[in-house]
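**Student:** Each chain, letter by letter, is given below.
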Amino acid sequence: MRENDVIVIGAGLAGLMAAAVAVQGGKKVMVLSLGAGTLTIGGGIIDVLGYADGGKPVATPSAGLLQVGPDHPYKKIGRQAIEESIRFFKEICAAEGYPYIGSLHETQWIPTAAGTLKPTCLVPKTMDTTQLKAADHVVVLGFTALKDFYPHLITENLGKISGFSNKSFEMMMVDPELSDGRDVTALDVARWLDTPEGLKDCTEKMRKLIKPGSVVIIPPVLGTRPDYAVADSLEQALQCTLVETAAVPPSITGLRLQTMMVAYLKKLGVRFVEQALVGRSIVENGKCTAVVTAGIDRERTYYGKAFILANGGFYGGGLMAEPGHVIEPIFNLPVFAPSDHELWANADLFSSSPQPFAKIGINVDEKMRPLDADGQVALDNVFVIGRNLQGYDFCFEKSGNGVALASGYQAAMSVHGEGN
Amino acid sequence: MKKHNINPDSCTACTVCVAHCPVTAATNKFRGPKMVGPALERMRLSQEDVEPSLEYCSNCKNCDISCPSGVPISTLNMLARAKYYKTRKHSKRDYILSHSEQAAKLASMLPFGAALANMGMSMSRGMMKQIGISDKAPMPPYAKNSFVKQFKALRQQSYPDKVVFYPGCFINYNDPGVGMDFVAVMQANKYEVIVEENLVCCGSPLVVNGFLEEAEANAKTNVQILKKWTDQGIPVITCCTSCGLMLKQEYQELFHIEGVEEYAKHLYDAGEFLLELYDKGCLNTNFGTLKEQYMYHAPCHLRAQGMGLPGLELLELIPGLEVKNADAGCCGISGNYGFKDDKYDISMKIGSPLFAKLQASGLETTVSECGTCRLQIAHGAKVKTLHPMTLVRRAYEAASVKN
Chain A
244 MRENDVIVIG AGLAGLMAAA VAVQGGKKVM VLSLGAGTLT IGGGIIDVLG
294 YADGGKPVAT PSAGLLQVGP DHPYKKIGRQ AIEESIRFFK EICAAEGYPY
344 IGSLHETQWI PTAAGTLKPT CLVPKTMDTT QLKAADHVVV LGFTALKDFY
394 PHLITENLGK ISGFSNKSFE MMMVDPELSD GRDVTALDVA RWLDTPEGLK
444 DCTEKMRKLI KPGSVVIIPP VLGTRPDYAV ADSLEQALQC TLVETAAVPP
494 SITGLRLQTM MVAYLKKLGV RFVEQALVGR SIVENGKCTA VVTAGIDRER
544 TYYGKAFILA NGGFYGGGLM AEPGHVIEPI FNLPVFAPSD HELWANADLF
594 SSSPQPFAKI GINVDEKMRP LDADGQVALD NVFVIGRNLQ GYDFCFEKSG
644 NGVALASGYQ AAMSVHGEGN
Chain B
1198 MKKHNINPDS CTACTVCVAH CPVTAATNKF RGPKMVGPAL ERMRLSQEDV
1248 EPSLEYCSNC KNCDISCPSG VPISTLNMLA RAKYYKTRKH SKRDYILSHS
1298 EQAAKLASML PFGAALANMG MSMSRGMMKQ IGISDKAPMP PYAKNSFVKQ
1348 FKALRQQSYP DKVVFYPGCF INYNDPGVGM DFVAVMQANK YEVIVEENLV
1398 CCGSPLVVNG FLEEAEANAK TNVQILKKWT DQGIPVITCC TSCGLMLKQE
1448 YQELFHIEGV EEYAKHLYDA GEFLLELYDK GCLNTNFGTL KEQYMYHAPC
1498 HLRAQGMGLP GLELLELIPG LEVKNADAGC CGISGNYGFK DDKYDISMKI
1548 GSPLFAKLQA SGLETTVSEC GTCRLQIAHG AKVKTLHPMT LVRRAYEAAS
1598 VKN
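Sequence lines, in order, name chains A and B. Under our numbering, the first residue of the first sequence is numbered 244, with each subsequent residue one higher. Under our numbering, the first residue of the second sequence is numbered 1198, with each subsequent residue one higher.
Simulated from the structure, these hints should not be mistaken for lab results. One or more of the hints may lead you astray.
[What the hints assert, rightly or not] Cβ-Cβ distance ranges computed for the label pairs, FRET-style:
1) A338/A to K1488/B: 27 to 35 Å
2) L592/A to P1249/B: 29 to 37 Å
3) P1249/B to I570/A: 39 to 47 Å
All residues carry an ideal CB built from backbone N, CA and C; glycine is no exception.
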């Protein structure tokens, strides 16, 4: 009989992080995934905490941690584990040749493709804004036919922001000559730069435009692979500083991070089962012994000692809304939601006030074990992480990947602690 | 069982499929799975909407695998292709590539037919090129004796436990050794193998070129024959991962066939079936030591089946054997896609990271379940190839030599 020490359900950042911590602790780990997670949608930057409740920016992510309410996952995880999770993540990135910069003690305000600034915590080296902040003159470089990155929009909007309004901007365009087919995305340009010919071509085209010493805002196109080969090559050849922006999906920084994490886990022997829709669990005497996938052909049973639920809340199918109540379909864990479902949503979709459903989720203890209505542990070898957790609004407070890392870390450490 | 969600409105346009589509990565002529699949399907539901780049989808299913919302994107593409050809004529090339079973049947019926056909094939590559079949693609030769012929000549030990084997066209006509290896492995596990002669092509090569009605007729024939066995609880086993995917998943997604859900429960990949025996403590684990090293390539059509990589896991049970997963994505051939003249370069570009990785390994042989993946890998990476069942058979033989 094949059995795993840890079965992780979900291959987003929370699940991948939990798998990494578990496998580094010597566990036999399996990841059951349905879809490739949302890293290529949301992006590869690690927001920890940008805004406090009420929408005021926090001074630093670290300071913000003091301000979160009692239901917030960070409150349960605790500062020490959050710090350790960040350290653990940065160590993986460094070891894999794709180091991230940043810390809890500084908010990184990074430029977006809309010309706004967005607060985050850890970013790839290509999004380091140190030189950008110091520069008097900034180049905004677009690519011909590239959708969703318009230098004039960025220049115009950044110019309205303090710290940028006193800088002079210059707009430039490079033509990657990719426009003879579909609409061009940042992914297409990044793939062009992945090839030696594309990189050479782009270097020559940029050399004609960019003076040495320039600071250049560009879309996230510096290669699809989790390394800095493209960035280093261009920066060295042109003697300039390149700053990638946050941008619309498909996210190149997210793709790099996903590629890096999955390759890292496979190298350490983590097994992945793709297209695995977990439908139900087998629970005996308060412990889960197996989860069962609902394939289009038949069910398949996967046995494990501990289970980490990381299947992405409402978006990933981890939580499902039904009239009057919200269910968690695999373990049937209690989900706390107002019984009047009219209260779940703010009818004004694009308003600047939060959506109440964002905070609906599963209540957990400090070990990430699910709790029932009386505050008792519902299943003691099941751990809930990431978007399935209640009490945080990643969208409004900018905390998505931070909660993913910290809760993934905490859950896997709890598995080690339990001797499961 | 969970039905796949054919509704295009389940697509949130998140673009994860675009990031994971190997064809999109290889050519900008393809508008990508999100646009060509669910986005345009919404248009097609109300009116005819012809999308020229639809022909670039290879049906490799990486979009389905990556979709966080469970949309069978590639199947939407195949349905759109079928709709397109409802009112249009197929090219000669697509007809030939989709009906290789007919040609193979003919060749196997005539005396020396296979040899003559192979000779003819090598001479007529120029002619094939004229109608749009690449003269560079690795065209598989016919075997001298088909699997069914060889199987009939074999004297099996009879056992109470039985399985039905679905060989599929490639094993039957091109690579019968894999089928014979499978039979030997089942015999070593005290199973008797049943082969039904009237089974037809699973329909996968038909579906990808829009011959949906013919594929449905094939599906009905196959289900009718196989259901006789599955209704008795006798498993049906495939060694070809594309046949397996078609027989159990795509039949359900594409057609309405009575009783297909119940039948699908009894369909197994060979590796998966043997691993289940292992889990029950019933697998013959009397393997000899094979002190050998191989690379492994996971066919996309296996990854799409939601059962992990059973063939690779099975090989890990053989002492001494070291098999390393190349994990470098699609090989590019995707059924008959890479045989098309205008798709050959795309297909080779898709496979190039895999070929590079296999070559860099320094190992001379790559193991993979899919017959056309093996053809493409041999062609692109210039390595030898094997099916996992061949190694399992050799491990049993190594044990009997030792005893």
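**Student:** Now look at each hint and say whether the structure bears it out.
**Tutor:** Structure-based check of each hint:
1. Look at A338/A against K1488/B: about 32 Å separates their beta carbons, and that is inside 27 to 35 Å.
2. At roughly 35 Å, the beta carbons of L592/A and P1249/B sit within the given window of 29 to 37 Å.
3. The hint said 39 to 47 Å for the Cβ distance between P1249/B and I570/A, and at roughly 44 Å that hint holds.
Violated hints for the displayed structure: none, as all numbered hints are satisfied.
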